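Chains as they are written, first to last, in the working numbering: chain Z, 269 to 687; chain E, 194 to 476.
Treat the hints as calculated values from the structure; they're not laboratory data. Quick caveat, the model's predicted, so the values are computed rather than measured. Honestly, I wouldn't trust all of these hints.
Said to hold, decoys possible - Using C-beta positions, here's what the derived DEER-type ranges look like:
| hint | chain 1 | residue 1 | chain 2 | residue 2 | range |
| --- | --- | --- | --- | --- | --- |
| 1 | E | Y220 | Z | G612 | 19 to 27 Å |
| 2 | Z | Y584 | E | V335 | 52 to 60 Å |
| 3 | Z | S583 | E | P239 | 53 to 61 Å |
| 4 | E | G421 | Z | R290 | 50 to 58 Å |
| 5 | E | S256 | Z | K498 | 35 to 43 Å |
| 6 | Z | R447 | E | I231 | 17 to 25 Å |
| 7 | E | V335 | Z | L304 | 47 to 55 Å |
| 8 | Z | G612 | E | W208 | 25 to 33 Å |
| 9 | Z | P487 | E | G336 | 51 to 59 Å |
| 10 | E | R466 | Z | E460 | 55 to 63 Å |
| 11 | Z | A497 | E | L221 | 18 to 26 Å |
| 12 | Z | L678 | E | W208 | 26 to 34 Å |
| 13 | E | V459 | Z | D283 | 36 to 44 Å |
Cβ atoms here follow ideal geometry from the backbone N, Cα and C, with glycine treated the same way.
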Amino acid sequence: MRSHASAITNLEGRDLKAALARKGRVNRIRSFCLVLPLLGFTSVVFIFPILLMGYRAIDDSVAVHAFPKTLAKLENWRPGNDIPESLYRTFAKELRGARKSGDDGRLATRLNYELPGARSATIRLSRALQRDLAEVRTYRALFQDVNKKWVQPDIWAALKSLNSPYTAYYFLAALDRERDIHGDIVLRPPTERTYVKLFVRTFWVSLLVAAICILLAYPIAYQLATLPAKTANLLLILVLLPFWTSLLVRTTAWIVLLQSEGVLNDLFVATGLIDDASRIQMIYNMFGTIVAMTHILLPFMVLPLYSVMKTIPPSYLRAAVSLGATPARAWLSIYFPLTLPGMGAGSILVFILCIGYYVTPALVGGRTGQLIASSIAYHMQTSLNWGLAAAIGTIVLAVVLVMYWLYERLVGLNELRMG
Amino acid sequence: MASLSPHVGPSGHFWKYAFRLLCASIYLFLVAPILVIIPLSFNAEPYFTFTPGMLSFDPDAYSLRWYRDILDDAHWMRSIRNSFIVGLSSTLLATILGTVAALGLSRSDMPFRTAIMAMLISPMIVPVIITAAGMYFFLSSVGLSQSFAGLILAHTVLGTPFVVVTVTATMSGFDKTLARASASLGAPPTTTFFKVIMPLIGPGVISGAMFAFITSFDEVVAALFLAGTEQRTVPRQMWAGIRESLSPTILAVATLLILVCVMLLVVLELLRRRNERLRGIRS
Numbered sequence: 269m270r271s272h273a274s275a276i277t278n279l280e281g282r283d284l285k286a287a288l289a290r291k292g293r294v295n296r297i298r299s300f301c302l303v304l305p306l307l308g309f310t311s312v313v314f315i316f317p318i319l320l321m322g323y324r325a326i327d328d329s330v331a332v333h334a335f336p337k338t339l340a341k342l343e344n345w346r347p348g349n350d351i352p353e354s355l356y357r358t359f360a361k362e363l364r365g366a367r368k369s370g371d372d373g374r375l376a377t378r379l380n381y382e383l384p385g386a387r388s389a390t391i392r393l394s395r396a397l398q399r400d401l402a403e404v405r406t407y408r409a410l411f412q413d414v415n416k417k418w419v420q421p422d423i424w425a426a427l428k429s430l431n432s433p434y435t436a437y438y439f440l441a442a443l444d445r446e447r448d449i450h451g452d453i454v455l456r457p458p459t460e461r462t463y464v465k466l467f468v469r470t471f472w473v474s475l476l477v478a479a480i481c482i483l484l485a486y487p488i489a490y491q492l493a494t495l496p497a498k499t500a501n502l503l504l505i506l507v508l509l510p511f512w513t514s515l516l517v518r519t520t521a522w523i524v525l526l527q528s529e530g531v532l533n534d535l536f537v538a539t540g541l542i543d544d545a546s547r548i549q550m551i552y553n554m555f556g557t558i559v560a561m562t563h564i565l566l567p568f569m570v571l572p573l574y575s576v577m578k579t580i581p582p583s584y585l586r587a588a589v590s591l592g593a594t595p596a597r598a599w600l601s602i603y604f605p606l607t608l609p610g611m612g613a614g615s616i617l618v619f620i621l622c623i624g625y626y627v628t629p630a631l632v633g634g635r636t637g638q639l640i641a642s643s644i645a646y647h648m649q650t651s652l653n654w655g656l657a658a659a660i661g662t663i664v665l666a667v668v669l670v671m672y673w674l675y676e677r678l679v680g681l682n683e684l685r686m687g
Numbered sequence: 194m195a196s197l198s199p200h201v202g203p204s205g206h207f208w209k210y211a212f213r214l215l216c217a218s219i220y221l222f223l224v225a226p227i228l229v230i231i232p233l234s235f236n237a238e239p240y241f242t243f244t245p246g247m248l249s250f251d252p253d254a255y256s257l258r259w260y261r262d263i264l265d266d267a268h269w270m271r272s273i274r275n276s277f278i279v280g281l282s283s284t285l286l287a288t289i290l291g292t293v294a295a296l297g298l299s300r301s302d303m304p305f306r307t308a309i310m311a312m313l314i315s316p317m318i319v320p321v322i323i324t325a326a327g328m329y330f331f332l333s334s335v336g337l338s339q340s341f342a343g344l345i346l347a348h349t350v351l352g353t354p355f356v357v358v359t360v361t362a363t364m365s366g367f368d369k370t371l372a373r374a375s376a377s378l379g380a381p382p383t384t385t386f387f388k389v390i391m392p393l394i395g396p397g398v399i400s401g402a403m404f405a406f407i408t409s410f411d412e413v414v415a416a417l418f419l420a421g422t423e424q425r426t427v428p429r430q431m432w433a434g435i436r437e438s439l440s441p442t443i444l445a446v447a448t449l450l451i452l453v454c455v456m457l458l459v460v461l462e463l464l465r466r467r468n469e470r471l472r473g474i475r476s
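Take these sequences, add in the hints, and give me the full structure.
Structure follows, in structure tokens:
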């Protein structure tokens, strides 16, 4: 096509170089147009939702949007001062108006993060304000009747702190931190510290699983690479079968094998290794998580290792031995370094997949074998603290993206093949 | 290391067999859990372990009751139907979008190739729970949460990277002079695509489509976040089964899924061979 085009420009007598550049530009645009549909689709349905999640992690606009007058009045108020009647009246009006849009509930939930118990106080107040307010003498009395919290400064200080549409609250909470009454960042009370521990645990479990995967994948990848192609292809099926088997099937399989009335424990009892009373608890704990995760992620280590080992010519080792190296020495200083890229590729992949893993730990991890992803699911589905879920998700995403970038630098995306 | 030198002594033989034993036990670790499920799904008793009758191969200890259970249970049947609806629709979408994009990505004059590739593959790398959380916020803001459309969109996003990766890999082995030859003989681009390019990269496209289908068919996190009870898929139903009421019906479903997986693997292998044969003829 290109030679065709340049022939025409030649006949037209235009500058060949400019014509070629123009043609190249047209071709580039044409190539880009092919990618455009998927690029657009991925941007709208994938990238945008993830940015939306990032926004949720800092979004704090409910008070600014629905209670602007109250916030303006609170500007001049300090926690030591009396709460003026006009403040009560303004807030009552705005809260009454917020009921329809559901902003009263949102404010209640948000206040509760700052001050435990504020949720029910706000909701009750909102309900109390629905009746006819004509006979109300002082709003202060009405507020006090609903809940004593409303005549104390804490809840107003909490409301005042919501005066910006953005907050670092969720990110601080995701790192077990909060702002104290002076606005300084401090650690939460020891009983409320959960996430840093979970992050650290997830990190170590991911490293451990990657390490176990290397140990298990290395021998079989080596065997696959040294066997004749026909036998190797047959054995490769044993790796690919679990790779393509449904995740839930494999997780179910481990429950069947490891539970205390399960196949392995029965086998141990039948062979007399342990007696019936002391069956081993191998699942619904960290052990279960690690075993099942290793099983699920092992193929991701075997495949890149195998493809690297296949390209190492056996003559390298023979050359080393013929030059006087012992087989162990030859292996250690020739073969092993050449397999490092495969190990690196597999480890990064396993580590990335492990860090955000939810399904398997949730099903076999019990109470002690949970990883950080389970707290995202908990806040998305149970506590409905979406801001916190989004903040934890954003932190995990940042770690994953750094690893992804590392993978692209060290290995290259073309090596990312499935099966 | 046994293959290093023909002059191995007895200790070399020992290591050779020890190595084989080690490899065999790793393969056992990989495959045994899957194989254990299959006989247990024929258990006549509601247990998750081998009964004495099963071990002595007593025919009465085996039954198809858990398979009948699936057929009798409206929830399971509906989830199977849902899985196929969602799986086939998202596969179709992902295959079309992914193949067209892969054609663009494998052209030599593609601008920003690495960056775009990285972005298109990222749904495979980003943890599904994060994708699902983002999608939840997005879909509920456009009123598509708890709908088939939302779940299909989510599964399409998750499936496209597999199509892109597989078809780009196939295109790297595609002889571009063939397309040029077709054009020089007067074929318009669409004719070239359907008569020359498509038959040659067809196997790659089909395996990409199968990866996309498997991804959707096995996906549970997005289904947890985005599907209502009406849209429950098989994995979502299994999830409920494992979490709430562990019944051997799950093992029967699992066995059927293993069967599906084996069939897909066989088809993939046949496609791979066909692809190699086609390349062999050309070179």
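Going through the hints against the structure:
{"no.": "1", "hint": "E:Y220 - Z:G612: 19 to 27 Å", "verdict": "holds (24 Å)"}
{"no.": "2", "hint": "Z:Y584 - E:V335: 52 to 60 Å", "verdict": "holds (58 Å)"}
{"no.": "3", "hint": "Z:S583 - E:P239: 53 to 61 Å", "verdict": "holds (59 Å)"}
{"no.": "4", "hint": "E:G421 - Z:R290: 50 to 58 Å", "verdict": "holds (54 Å)"}
{"no.": "5", "hint": "E:S256 - Z:K498: 35 to 43 Å", "verdict": "holds (40 Å)"}
{"no.": "6", "hint": "Z:R447 - E:I231: 17 to 25 Å", "verdict": "violated (57 Å)"}
{"no.": "7", "hint": "E:V335 - Z:L304: 47 to 55 Å", "verdict": "violated (22 Å)"}
{"no.": "8", "hint": "Z:G612 - E:W208: 25 to 33 Å", "verdict": "holds (27 Å)"}
{"no.": "9", "hint": "Z:P487 - E:G336: 51 to 59 Å", "verdict": "holds (53 Å)"}
{"no.": "10", "hint": "E:R466 - Z:E460: 55 to 63 Å", "verdict": "holds (59 Å)"}
{"no.": "11", "hint": "Z:A497 - E:L221: 18 to 26 Å", "verdict": "holds (23 Å)"}
{"no.": "12", "hint": "Z:L678 - E:W208: 26 to 34 Å", "verdict": "holds (33 Å)"}
{"no.": "13", "hint": "E:V459 - Z:D283: 36 to 44 Å", "verdict": "violated (58 Å)"}
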